[in-house]
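In order, the protein sequence lines correspond to chains Y and Z.
Per my numbering, the very first residue in the first sequence carries number -4; after that it's consecutive.
Per my numbering, the very first residue in the second sequence carries number 7; after that it's consecutive.
Do not rely on the hints blindly, as some may be mistaken.
Here are the in silico distance ranges between beta carbons for each label pair [to be verified]:
{"#": "1", "chain 1": "Z", "residue 1": "Thr64", "chain 2": "Y", "residue 2": "Pro29", "range": "38 to 44 Å"}
{"#": "2", "chain 1": "Z", "residue 1": "Glu8", "chain 2": "Y", "residue 2": "Asn94", "range": "18 to 24 Å"}
{"#": "3", "chain 1": "Y", "residue 1": "Gly61", "chain 2": "Z", "residue 2": "Tyr31", "range": "23 to 29 Å"}
{"#": "4", "chain 1": "Y", "residue 1": "Ile23", "chain 2": "Z", "residue 2": "Gln16", "range": "18 to 24 Å"}
{"#": "5", "chain 1": "Y", "residue 1": "Pro2", "chain 2": "Z", "residue 2": "Gln16", "range": "18 to 24 Å"}
{"#": "6", "chain 1": "Z", "residue 1": "Gly75", "chain 2": "Y", "residue 2": "Arg27", "range": "30 to 36 Å"}
{"#": "7", "chain 1": "Y", "residue 1": "Pro2", "chain 2": "Z", "residue 2": "Leu68", "range": "19 to 25 Å"}
{"#": "8", "chain 1": "Y", "residue 1": "Asp63", "chain 2": "Z", "residue 2": "Tyr31", "range": "18 to 24 Å"}
{"#": "9", "chain 1": "Y", "residue 1": "Leu77", "chain 2": "Z", "residue 2": "Ala72", "range": "29 to 35 Å"}
{"#": "10", "chain 1": "Z", "residue 1": "Leu30", "chain 2": "Y", "residue 2": "Val102", "range": "28 to 34 Å"}
Chain Y side only, calculated, beta carbon under 7 Å to chain Z, not exhaustive [what the hints assert, rightly or not]:
{"#": "11", "residue": "Ser0"}
{"#": "12", "residue": "Leu3"}
{"#": "13", "residue": "Ala69"}
{"#": "14", "residue": "Leu86"}
{"#": "15", "residue": "Ala89"}
Read the hints as simulated data drawn from the structure, not as lab findings.
The beta-carbon is built from N, C-alpha and C at its ideal position, and this holds for glycine as well.
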Amino acid sequence: MNDLSTPLALVAAIAALVGSFFFLAGAIGFVRLPDFYTRIHAPTKAASLGIPLMAFASMLVHLGAGFDMWIEDALIILFVFLAGPVSTQVLVWAAVARNIRSSSETVGQSVFRPIELVDVEEGPTDDVGPHGTSAES
Amino acid sequence: MEAAVGILYQASQLMLLVAIVLILYRLSLGPSIFDRVVAFETIGLAVVGYLLLESNATVGRLYTDAALGLALFSVAGTIFLGYFLGRGEFPDE
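Given these sequences and hints, build the entire structure.
Set out below in structure tokens:
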């Protein structure tokens, strides 16, 4: 069994609290930010920092209790670090290929050049780029 | 100290539940399908964190397997959904 009275458990609880705070901040940013390209920024980065902190807390608890389960926590950290940014990148590429508009407050243009604009009907083709001025995404 | 650690874990779980409610609001509101996909992934990862905290606070090793499997399916499913939504055509090539 796991006792909560050691200093290691206190350190683990503080790490878990910091991780869930990052998660909450990411969720607030996910609700409040204006368009998709800024909105995907908040929860994915918060998840890539929050989940490893919580898994690190679980690893501390498991190491303190003498379980062998700490390697699964290490696998969670490794997997979220490797595959979380990959999923974000794939989603942003897909959004650029589907011509999801960015906010009208965005300065400059995207670094991507979409090779095919699928669901757009002959918008204004000025020199602003494919993510030019649009009221709503 | 045990009561303090229990209160810390309960506060962490409460913050994760508030985060899940906010992401559900975005999931119901989201203007594009990509917002809903991101909300799907983030809810999966929030449930992973909740399982880890629950496993820490109570039993110790009950939910860690489930957390690992859920993290794997959540992120891999998001990669497949993004590949499907982009129709295999990515602008980097």
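Hints versus structure:
| no. | hint | in the structure |
| --- | --- | --- |
| 1 | Z:Thr64 - Y:Pro29: 38 to 44 Å | holds, 40 Å |
| 2 | Z:Glu8 - Y:Asn94: 18 to 24 Å | violated, 55 Å |
| 3 | Y:Gly61 - Z:Tyr31: 23 to 29 Å | violated, 42 Å |
| 4 | Y:Ile23 - Z:Gln16: 18 to 24 Å | holds, 20 Å |
| 5 | Y:Pro2 - Z:Gln16: 18 to 24 Å | holds, 20 Å |
| 6 | Z:Gly75 - Y:Arg27: 30 to 36 Å | holds, 32 Å |
| 7 | Y:Pro2 - Z:Leu68: 19 to 25 Å | holds, 24 Å |
| 8 | Y:Asp63 - Z:Tyr31: 18 to 24 Å | violated, 40 Å |
| 9 | Y:Leu77 - Z:Ala72: 29 to 35 Å | violated, 20 Å |
| 10 | Z:Leu30 - Y:Val102: 28 to 34 Å | holds, 32 Å |
| 11 | Ser0 | holds, 5 Å |
| 12 | Leu3 | violated, 10 Å |
| 13 | Ala69 | violated, 10 Å |
| 14 | Leu86 | holds, 4 Å |
| 15 | Ala89 | holds, 3 Å |
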